[in-house]
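This is what each chain is made of:
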Amino acid sequence: MRIEVHLHAELARLAPEQRGVLKLDMPDGTRVADLLQRFALGNHHRIIVGINGQAAAHEQELVDGARIDLLTPMAGGAPARRHT
Amino acid sequence: MTNGYWDRILHVHLTRGETWIESLGEAFWRRHLGGRSLIAHYLLREVPQNADPLGPENVLVFACGILTGLPFPGAGRHSVGAKSPLTGAFGESEAGGFWGAELRHAGWDAIVVHGRASAPTYLSIADDKVELRDARQLWGKETGEVEDTLRQAHGDRLLRVAQTGIAGEHGVRFALIVNDLNEVAGRTGLGAVMAAKNLKAVAVRGTQKLPVADNAPIQQTSRWVIDTMEDNHYNFHHYGTGALMLGKHLEGHLIVRNFQDGQWTPEQVTAIDAKTFADSPYRQKMDGCYACSVRCKKRAKDEAMAVEPRYGGPEYETLGATGTNLQVDNLPMLLRINQRLNRVGIDSVSFGATTAWAMECYERGLLTDADTGGIPLHWGDGATVLKLVDLVARREGPLGDLLAGGALAAARRLGRDSEQYVVHVKGLEVAMHDPRAMRPMLENYPITPTGGDHTGAGRHRTSLRNTVGLCQFLAYDEPRVVDLVRAATGWDVDEQELRAVVSRGLSMARLFNLREGITAADDRLPKRLHEPLLKGPLSDTRLATEDVQAIVADYYLEQGWHPQTGAPLAGTLQALEIAEYATHAAGVVPAEAGATRLPPAVRGAAADDRHDE
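Chains as they are written, first to last, in our numbering: chain X, 114 to 197; chain A, 460 to 1072.
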């Protein structure tokens, strides 16, 4: 299956030449967790994942043609490191 | 010679046309460090109980912190305070830019403005030379013209100007004070206080170097920020605030339709977020505050819409308040709205929140065309929002006049059970972070002295930064902040001593609020925030009032306040060495003295220990 991954803000550094937007071919049955592993984000405890505009759990399977958004959370007032 | 501060407070009495200098002494500075605590000192001592916030008895305090104006990133912050005309409570707001640093370089730590001038006046400060000057030609002018006129008159293109705008002149209760045209002390209506004193602007030029005890940690910190920029400040540096708004949508706590929905559409969110702005032709550049290499400030341009970079660009709060909350998904329109707000001097958060309340009431039929003067109020109508900025600024028409009082006053005037839709704490409209999903905000809004303010700082980290004059965005850990205060002053302070400074400011602000009739009953969240969100993953959860009550009760305990009333106990004030302020809040401190010891928040007592007390 083919998916489009949007890496937001600081995560865009993982694909700087593509400005954070990648089209990827992935095997059927690929889960969110597998995708995070591919970007070495598997151990990052606070990655927000969206599939076609809705939040997705790490166990969720990706679907052909999906838009995947990956972000870190925004803090407010008392920002944690690296957050806006 | 002192280190880190001048020990010079400039007092200006506008009624009498007098100025004088006050020295507070080293013990005072070490105990308070500036900012919030300095504001509370003057509000308690100088403002009579029940004073009209827009009367001459209110004081307006421009307060730097002990770090303001030192040459390292994040030290370009100053605070402004007064009794708030929006809430009647402790009013305080912080701003960045260059003005605060300039004031310190002119040899002053703070300005306290008393009384009311008989005609529009501005204060000119050039190092030791202080003058009150005629500002009649500046009255009624937009902020850009005021700054241009003053710089021309002084023949100085680096003159730094803080000013109230047209909205302040018209008594808009959420008028702000803008400095450098794009940095604002936005919350709690301080621009209205300034204008009510007939003080149009404070123009500052300074040429002095503030002495510090040890320059090495300051230089090392500057180097560290530059060397670790990509690790610690990437988002701020490249995008400014608002690059992660889609995450709020996905998690279901985006601020939409007056805090009703929690979600919009991903396409609309990403149409206006900071990433889109950064990649758009509307971004001229990123810019910084004094001595800051992070440079998180957007500069927008759009010739077709007459958007000029000098008015900055929208921060997240503005994108939330006038964008997602009103469902305006047109980025150029938001840039224009942001610019209009800065040109007339209106706080974007209160403006957006008050407009959201009005739109909801209009949708529900509580606010009609007869009330609005025939202006329809529909979600997503950016052109009307833009028009509203000027109507509110000048209180034009029935709608402009209604909204100029802020959401709570508007609801009370309208009646029709519309107050239930006002999203406020202590009369201050809640900022664009939803406490139903964000624990730090849940623990902050109910007890922050200013009300629904995300940086109002009821908690240690934000409160300390608002006191010493340090930006919330810099990724400094607490030991580094301690090191910086030590470097500035030469004092052997430690983390506990800084916690005591924070608790002093909070207890003093609490005394002020209690004296003015703001009580434990106001330490709450509004009805809307106890309702479930209508869309998204959080729509099946509800924030219980008991949860908020528990947070508030725990906070009283942490601060050494009375468990029911939240009044600072005499023993706490004694231990914090601020017992004298109780005399300025007669009847507030309970007869039950409590132990004379530092409160758990200062001692760093564990939660279990706190509950055993």
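If you are wondering where the hints come from, they were derived from the structure by calculation, not from laboratory data.
Take these hints with a grain of salt, some might be off.
Listed below are the simulated SDA-like cross-link pairs for lysine to any residue, each with C-alpha atoms no more than 25 Å apart in a straight line [claimed, not checked]: (1) A:K744 <-> X:L127; (2) A:K994 <-> X:P129; (3) X:K136 <-> A:P725; (4) A:K994 <-> X:P140; (5) A:K994 <-> X:A169; (6) A:K994 <-> X:R159; (7) A:K994 <-> X:E130; (8) X:K136 <-> A:A737; (9) A:K744 <-> X:G133; (10) A:K994 <-> X:Q131; (11) A:K994 <-> X:N165; (12) X:K136 <-> A:Q727; (13) A:K744 <-> X:V145; (14) X:K136 <-> A:T735; (15) X:K136 <-> A:R682; (16) X:K136 <-> A:K744; (17) A:K994 <-> X:I164; (18) A:K744 <-> X:Q131; (19) X:K136 <-> A:D587; (20) A:K994 <-> X:I161; (21) A:K994 <-> X:R180; (22) A:K744 <-> X:R132; (23) X:K136 <-> A:T724.
Here are some chain A residues pointing at chain X (derived, C-beta under 7 Å) [as the list claims (entries may be wrong)]: (24) L483; (25) G484; (26) A486; (27) F487; (28) Y693; (29) N694; (30) L703; (31) L705; (32) P725; (33) P996.
By construction, the Cβ of each residue, glycine as well, lies at the ideal position given by its N, Cα and C atoms.
Consistency of the hints with the structure:
1. Between K744 of chain A and L127 of chain X the CA atoms are separated by roughly 23 Å; this keeps the pair inside 25 Å, and the hint holds.
2. Restraint check: the Cα-Cα separation between K994 of chain A and P129 of chain X comes to about 34 Å, which exceeds 25 Å; the hinted pair is violated.
3. Distance check on the hinted pair: K136 of chain X and P725 of chain A sit about 19 Å apart at the alpha-carbon level, within 25 Å; holds.
4. A distance of roughly 32 Å separates the Cα atoms of K994 of chain A and P140 of chain X; the hinted pair therefore is violated under the 25 Å criterion.
5. Our distance criterion of 25 Å between C-alpha atoms is met by K994 of chain A and A169 of chain X, whose separation comes to about 15 Å.
6. Straight-line distance between C-alpha atoms of K994 of chain A and R159 of chain X comes to about 22 Å, which keeps the hinted pair within the 25 Å bound.
7. At most 25 Å may separate the alpha-carbon atoms for a hinted pair to count; K994 of chain A and E130 of chain X exceed this at roughly 36 Å.
8. With a CA separation close to 22 Å, the supplied pair K136 of chain X and A737 of chain A stays within the 25 Å bound.
9. Between K744 of chain A and G133 of chain X the CA atoms are separated by roughly 20 Å; this keeps the pair inside 25 Å, and the hint holds.
10. Of the pairs offered as hints, the one joining K994 of chain A and Q131 of chain X is violated, with about 33 Å between alpha carbons and a cut-off of 25 Å exceeded.
11. As the CA atoms of K994 of chain A and N165 of chain X are separated by approximately 16 Å, the hinted pair is consistent with the 25 Å bound.
12. For the hint pairing K136 of chain X with Q727 of chain A, the CA-to-CA distance comes to about 22 Å; that is within 25 Å, so the pair holds.
13. Of the pairs offered as hints, the one joining K744 of chain A and V145 of chain X is violated, with about 36 Å between alpha carbons and a cut-off of 25 Å exceeded.
14. Using a Cα cut-off of 25 Å, the hinted pair K136 of chain X and T735 of chain A holds, with the two alpha carbons roughly 19 Å apart.
15. A distance of roughly 38 Å separates the Cα atoms of K136 of chain X and R682 of chain A; the hinted pair therefore is violated under the 25 Å criterion.
16. Taken as a hint, the K136 of chain X and K744 of chain A pair is broken in the structure, with Cα atoms around 29 Å apart against an allowance of 25 Å.
17. A threshold of 25 Å between alpha carbons decides the hint, and for K994 of chain A with I164 of chain X the separation of about 16 Å falls inside it, so the pair holds.
18. Proximity of K744 of chain A to Q131 of chain X is assessed by CA-CA distance (about 21 Å); at most 25 Å being required, the pair is judged to hold.
19. For the suggested pair K136 of chain X and D587 of chain A, the alpha carbons sit about 63 Å apart, so the restraint of at most 25 Å is broken.
20. For the hint linking K994 of chain A to I161 of chain X, the alpha-carbon distance of about 18 Å falls within 25 Å, and the restraint holds.
21. Proximity of K994 of chain A to R180 of chain X is assessed by CA-CA distance (about 21 Å); at most 25 Å being required, the pair is judged to hold.
22. Our distance criterion of 25 Å between C-alpha atoms is met by K744 of chain A and R132 of chain X, whose separation comes to about 18 Å.
23. With a CA separation close to 22 Å, the supplied pair K136 of chain X and T724 of chain A stays within the 25 Å bound.
24. With a least beta-carbon distance of about 29 Å to chain X, the hint placing L483 of chain A at the interface is violated under the 7 Å criterion.
25. With a cut of 7 Å, the hint placing G484 of chain A at the interface with chain X is violated, because the nearest CB-to-CB distance is about 32 Å.
26. Given hint, A486 of chain A at the interface with chain X, is violated; its Cβ is 30 Å from that chain's nearest Cβ, farther than 7 Å.
27. Checking F487 of chain A against chain X: minimum C-beta separation of about 28 Å lies over 7 Å; hint violated.
28. Of the supplied interface hints, the one on Y693 of chain A holds, with its beta-carbon coming within about 4 Å of a beta-carbon of chain X, less than 7 Å.
29. Annotation: N694 of chain A was flagged as interfacial toward chain X, and the flag holds, the nearest CB pair being 4 Å apart, inside 7 Å.
30. Restraint check, L703 of chain A versus chain X: the minimum CB separation of about 4 Å is within 7 Å; hint holds.
31. Interface hint status for L705 of chain A: upheld, as the beta-carbon distance to the closest one in chain X is roughly 6 Å, under 7 Å.
32. At a threshold of 7 Å, the smallest CB-CB gap from P725 of chain A to chain X is about 4 Å, leaving the interface hint in force.
33. Of the supplied interface hints, the one on P996 of chain A holds, with its beta-carbon coming within about 6 Å of a beta-carbon of chain X, less than 7 Å.
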